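Start from the sequences and build out the full structure, keeping to the hints where you can.
Chains S and D, in that order, are what the protein sequence lines are.
So the numbering used here is basically just the index in the first sequence, starting at one, shifted up by 5.
So the numbering used here is basically just the index in the second sequence, starting at one, shifted up by 1.
For the record, the hints were derived by calculation from the structure and aren't laboratory data.
Note that the structure is predicted; figures quoted are calculated from it, not measured.
We put the CB at the ideal spot given by N, CA and C, even for glycine.
One or more hints might be untrue.
Simulated restraints on C-beta separations [to be verified]: (1) G337(D) x P35(S): 51 to 61 Å; (2) P51(D) x P35(S): 37 to 47 Å; (3) G337(D) x E73(S): 51 to 61 Å; (4) R322(D) x L130(S): 36 to 46 Å; (5) Q181(D) x L120(S): 32 to 42 Å; (6) D347(D) x P35(S): 40 to 50 Å; (7) D24(S) x E342(D): 31 to 41 Å; (8) I345(D) x V40(S): 44 to 54 Å; (9) R420(D) x L130(S): 54 to 64 Å; (10) P104(S) x D78(D): 20 to 30 Å; (11) D43(S) x E187(D): 18 to 28 Å; (12) D43(S) x T573(D): 51 to 61 Å; (13) P104(S) x K211(D): 19 to 29 Å.
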Amino acid sequence: MPTDLALVESASRLSLFADLDRDELEDLLPRMREVSFDEGEWVVRRGQVDVGLHVIVDGEAGVVLNDEELAVLPKGSFFGEISALIGEETVADVVARAPLRCLYVPPSEVTNFLLASPRVMLRMLETEARRLRTTDELRT
Amino acid sequence: MTTRELQTIGWRTTAPSMDYLPIAEHGIIGDLHSIALVGTDGRIDWYCCPRFDSPSVFGAILDKEKGGFYRIAPVVDDWVPKQLYLPDTNVLITRFLTPTGVGEVQDFMPIAGGASEHRHRLIRRVLGVRGEMRFRVDVQPRFDYGREQHETIFHEAGVLFRSPEVSLALETRVPMDFAQDGAFGEFTLRPGETATFVLEQVPETYVPRKYSEAETREAFEETVRYWRGWLSQCRYQGRWREIIYRSALTLKLMTYRPSGAIVAAPTTSLPEQIGGVRNYDYRYTWIRDAAFSLYALLRLGFTEEASAFMDWLTDRFREPRPAEAGPLQIMYGIDGRAELEEEILDHLEGYRGSRPVRIGNAAADQLQLDIYGELIDSVYIYNNHANPIAHASWMELTRIVDWACENWDQADEGIWEVRGGRQHFTYSRLMSWVAIERAIRIAMQRGLPSNLDRWRLARDAIYHQIMNRGWNEEKHAFVQHYDTDTLDASVLVMPLVKFIAPTDPQWLSTLDAITRSIVSDSLVYRYDVALSPDGLEGEEGTFSICTFWYVEALARAGRVDEARLAFEKMLTYANHLGLYAEEIGQTGEALGNFPQAFTHLALISAGHFLDRALSDRGGSVW
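The following block contains the structure:
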C-alpha cells in the first residue's frame with residue numbers, strides 16, 4: 006500500500022506515536038484506517054461493544070453522559086480502547102464537536118496492534134494512568 | 002470566501018501576520034531566571050529559556066518571520082489595547098477593548114518559595130470581563146534563535162514542543178491544532194470565564210497534564226504575594242514613588258537568583274538606531290552596571306540583593322587572571338563564566354532590519370579601568386548600610402586596590418566601550434580615584450590592614466592629573482580624554498562621586514559647556530559622535546542614564562528647579578508602564594536594549610537625590 010505522507014506527518018505529531026521514528030510509523034499505519042465524522046455525528050453510542058480504538062488526528066470530540074458533556078477530547082486524544090480491550094460495553098456517548106478525522110483500529114485487532122508497538126502501548130498506559138488520577142482527584 | 006471574509010466571521014486560516022511593535026510597546030514579566038517581553042498586542046516576542054542568556058524560544062522581536070512568538074489576542078482586529086501591572090507586582094495585565102466586549106490576559110512567571118526547586122513556568126490566564134469575546138492563541142516556538150528544528154506533539158491536555166536541547170509543554174484545556182511549526186486554538190469567553198495556558202520547560206518525555214483553575218489561582222496569588230512582600234522592604238517614601246517602585250521592581254527582575262548576578266538588560270541587539278549596527282548582547286553582568294544597580298537598591302533599603310551580589314563578586318575576585326589584564330574582567334556570564342565569545346546570527350534580520358544580531362560580547366576582553374571605582378564604591382556603601390565587609394573579601398579587595406595603584410595611569414577603552422582604540426579617558430581616571438579613595442575610607446573607618454601611604458600617594462597623583470590634563474582651558478571644561486576637546490556626559494558624575502565640589506567654578510563651567518553642546522531639550526547625548534569617532538558607524542539617540550546624571554548634577558549645583566523640570570520631562574519618555582530602554586530617539590522613541598538597568602538605577606538615584614534637595618529647601622516652587 007503506498008504511504009500517505011500527509012497522514013504520516015499528521016500522525017507523527019500525536020502523543021501516542023511521539024516515540025516512533027518515521028520508518029516505524031510507516032510500518033504501523035497500514036494497521037489503521039482513516040475514518041471521518043461530520044460535526045454533530047455520533048461516533049460512539051453508550052452500550053456499544055464493537056467500538057475499536059480511535060485516535061483523533063483532526064477536530065475534537067465530546068464525551069457525553071445523560072446529556073451532560075463530561076470531557077472534550079482534542080487532537081491527539083484517543084478513545085474506545087477500554088471497550089476493545091475488555092470486550093465490554095462503552096459507558097458514554099462520543100460525539101463529533103467539529104468535523105472529525107480519526108485513525109481507527111477495529112476491536113478485534115487492537116491487542117495485536119498494541120503488541121506490535123510496545124512504545125505506543127506505554128504512551129497509552131501513561132494517559133490511562135493520568136485519567137485515573139484525575140478521576141481520583143475529582144472523587145476526593 | 003476570501004481570507005478577509007473568513008477573518009470577519011472570526012476564523013483565520015493561518016497565524017496572523019505581524020509587524021514589529023515599537024520597543025516601548027512592551028511590558029516585562031520574569032521569574033528571576035529569565036524574562037519575557039509581552040507586547041500590547043498580546044504577543045510575547047522575546048523569551049529565552051531557561052535563563053536570561055539561553056537561546057531564545059520566542060524571538061520575533063529580532064525577526065518577525067523566523068524568531069517565533071506566543072500570542073493571545075481577540076480574533077477580531079478592531080480592538081484597543083491597554084496594559085498595566087497589578088499594583089506593586091510584576092504581574093502584567095494586557096486588556097483588549099472592543100465595542101462588544103472586554104477581555105484581558107494576565108501574564109506572570111511564578112517564583113519558587115523556600116528550598117523548592119524552581120520550575121520555569123510562564124502562565125497566561127485569559128479572562129472574560131464584559132460582553133462575549135473570541136480569542137485566538139498562537140504558539141510558534143523557534144528554538145535556539147530559530148536555528149533548531151522541533152517536534153510538535155499533541156496530547157490530551159496540551160502540546161509538547163520538543164527540541165534537542167529544550168522541551169516546552171503547553172498545558173491547557175483549550176483544544177489546540179497544528180499550524181506551521183506550532184499550535185493554535187480559538188475559544189470564547191463570557192464575563193467571569195477564564196482560560197489558562199501554562200508553558201513550562203519539561204523533560205522531553207513529559208506528558209502535559211490538566212491544570213486546575215485552583216492551581217492556577219494559587220500560582221497567581223503566590224506570585225503576587227512574592228512581589229508585594231519584596232517591595233514592602235522598600236524604605237523610599239518620597240516624590241515619584243510609583244515610578245521609583247517600578248524601577249526597583251524592574252531591576253529586581255534583572256537579577257539571576259541562583260548566583261545573585263544582575264544583567265545589564267534582558268535583551269540582545271535591540272538597536273541604538275533603527276537600521277543601525279550598534280546592536281549588542283546585554284544579557285551579561287557588567288561589573289559597572291551591577292555595582293550601580295546595587296547602589297540604587299541599597300539606597301532603597303534592599304540588602305538581600307546586595308549580599309547575594311557581593312558573594313558573586315568575591316568568587317570573581319578569587320579567580321586567577323593574567324596580571325596585565327587586571328583582577329577583574331569588565332563583564333561575566335550570569336553564572337560567573339568569563340568566556341563570552343561574540344557571534345553574529347546572520348539568519349536573523351534584526352529588529353526592523355537592524356543587522357547584525359549579536360550574541361555574546363566581544364567587549365568582554367576590553368580594559369576598562371573605571372570598573373574598580375564603581376565596584377569599590379558599592380562595597381563602601383554596602384559596608385556602611387548593609388553588612389560590614391568580611392575579612393576574606395577585604396583581603397581580596399586590598400589586592401585589587403594595590404593593582405589599581407600600580408595600573409591606573411594607562412589608556413583603556415573607557416565606559417562607552419569604544420572600539421576605536423584606547424585613550425586616556427577622564428572618566429576612567431576619575432573612577433580609579435574613587436576606587437582608591439573609597440578603599441582608604443573603609444580602611445580608616447574600620448582600622449583594617451592596608452598600604453595606606455601608598456594608596457594616598459596614588460589617589461593624590463590621580464587627582465592632580467585629572468585637574469591638569471582632564472581640564473581643557475579652551476573649552477573651560479573637563480573633557481572626554483586627555484587628547485581631545487570633546488565633551489562627554491560621563492564627567493557628569495564628578496560631583497556625584499564627590500571628586501569635585503558641585504559648586505566649584507571649574508565644575509559649574511563644565512556643566513554649562515555640557516548643557517550647550519550635548520544637551521538637547523534636557524536630554525543628554527553621551528558625546529558628539531561626529532567629533533569623537535568611536536570605531537562604529539551610525540548615529541545614536543540621547544542616553545537616558547546621562548540625562549539622569551545631568552539631573553543629579555544640576556540639583557547638586559543648586560539648580561534644583563532646572564533639575565526638577567528636566568527630571569519631569571524625562572519621566573514623559575517612559576513607556577506606559579514606566580519602563581525605559583537605553584536611549585531615546587529624536588521623536589521620543591525608545592531605542593536600544595529594553596528595559597535597561599542603567600537607566601532605571603540612574604532614575605532611582607536622581608529621583609532620590611532630587612526629592613531630598615526639594616525637601617531640604619522646604620518644598621517645591623512649581
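Can you name, in rising order, the numbers of the hints this structure does not satisfy?
4
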